[in-house]
Amino acid sequence: MHIIITDAWLARSRAMHLSGFKLVGVGVLASVLLMLGAITTYHWVFLEGVRQGWPGFAPVARLVHQDEANTQNAYMRANLDAMARKLGEMQARMVQIDSLGERVAGLAGLSPAEFKPKPGAGGALVGGRDLSMDELMGALDRIDQTSGSRVDWLTVVESRLFDQKIQRTMVPTEQPVAGVQVGSPFGFRIDPITGRSALHTGLDFPSDPGTPILAAAGGMVVVQEYHPAYGNMVEVDHGNDLVTRYAHASKVLVKKGDIVKRGQKIAEVGSTGRSTGPHLHFEVWVSGVPQDPQRFLAAGENMAVAKATGPGPRRP
Numbered sequence: 009m010h011i012i013i014t015d016a017w018l019a020r021s022r023a024m025h026l027s028g029f030k031l032v033g034v035g036v037l038a039s040v041l042l043m044l045g046a047i048t049t050y051h052w053v054f055l056e057g058v059r060q061g062w063p064g065f066a067p068v069a070r071l072v073h074q075d076e077a078n079t080q081n082a083y084m085r086a087n088l089d090a091m092a093r094k095l096g097e098m099q100a101r102m103v104q105i106d107s108l109g110e111r112v113a114g115l116a117g118l119s120p121a122e123f124k125p126k127p128g129a130g131g132a133l134v135g136g137r138d139l140s141m142d143e144l145m146g147a148l149d150r151i152d153q154t155s156g157s158r159v160d161w162l163t164v165v166e167s168r169l170f171d172q173k174i175q176r177t178m179v180p181t182e183q184p185v186a187g188v189q190v191g192s193p194f195g196f197r198i199d200p201i202t203g204r205s206a207l208h209t210g211l212d213f214p215s216d217p218g219t220p221i222l223a224a225a226g227g228m229v230v231v232q233e234y235h236p237a238y239g240n241m242v243e244v245d246h247g248n249d250l251v252t253r254y255a256h257a258s259k260v261l262v263k264k265g266d267i268v269k270r271g272q273k274i275a276e277v278g279s280t281g282r283s284t285g286p287h288l289h290f291e292v293w294v295s296g297v298p299q300d301p302q303r304f305l306a307a308g309e310n311m312a313v314a315k316a317t318g319p320g321p322r323r324p
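So for the sequence shown, our numbering puts the first residue at 9; every next one is plus one.
Treat the hints with caution; some may be incorrect.
[Said to hold, decoys possible] Heads up, simulated DSS-like pairs for lysine-lysine below, C-alpha to C-alpha not over 27 angstroms straight-line:
no. : residue 1 : residue 2
1   : Lys259    : Lys273
2   : Lys263    : Lys273
3   : Lys269    : Lys259
Hint data in this document are derived by calculation from the structure and do not stem from the laboratory.
Working from the sequences, and respecting the hints, build out all of it.
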């Protein structure tokens, strides 16, 4: 394609040659520029018409805004529905927590009635409708308040269970000499030295010298001394006016003021003091009165058996 441009003023002409490829390129470029110009003009005219309130532009603007509002409402409704489903799951989980808390409260010795959940509710669904934002936020606030009160209550239950665990560890139910049968029981007997009837205030565990003597429960050592009758003696205070005494030891491994754990080795069997042979003399005192240690040790054996066998089958 040839294009001749003539300048009459300067009395000269200029020829341009356009091939088919160049001609197509020029056409595409012109089309793009025309489209961009049309789009720019449309938006400027539309925005200016809406801003200035030209006749015919207000209904179009309302339609555009209505479409945008409908899109936003649909998006919000989808989110509200998703949040409502999650709220239902949270409410179901709270029911499970209530049931578990009621059972645990009973185990802790607390009144399960204090942990009673709200009465059940139900019925046929008639005329179901979507939740509004206010209703959803109100339900979430109630869930938050309920969960907070349940956390406080479960904290109380945890504290009570912890106290019970501590109390169990402070009761002398551990065998002070492992695997040894009682030689001389608590009560009146013929004294092995005088041959006369006398009160034996503890249990004797005959064993080889050096056999470990174990703390029957956790507590604090309040006495560690040599006694003319008890020989090398250790007393452990377990709180609540409960004290255990370990006598005739050949070697003592703790001192006054030490904190000992249940089952901890505190001494070794010996025959010091008023003794006819190596053994441990073990006593339990409650409020200054000697008790039969066998009752405490038997309770420990029963708990160990119950723990090993597990809970029995529930009765219908």
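Here is how each hint holds up against the structure:
1. The suggested pairing of lysine 259 with lysine 273 holds, with an alpha-carbon distance near 11 angstroms, which does not exceed 27 angstroms.
2. For the proposed pair lysine 263 and lysine 273, the alpha carbon gap of about 12 angstroms is at most 27 angstroms, so the pair holds.
3. Only pairs whose Cα atoms come within 27 angstroms are accepted, and lysine 269 paired with lysine 259 is accepted, the gap being roughly 18 angstroms.
When each numbered hint is compared with the structure, no violation occurs for any of them.
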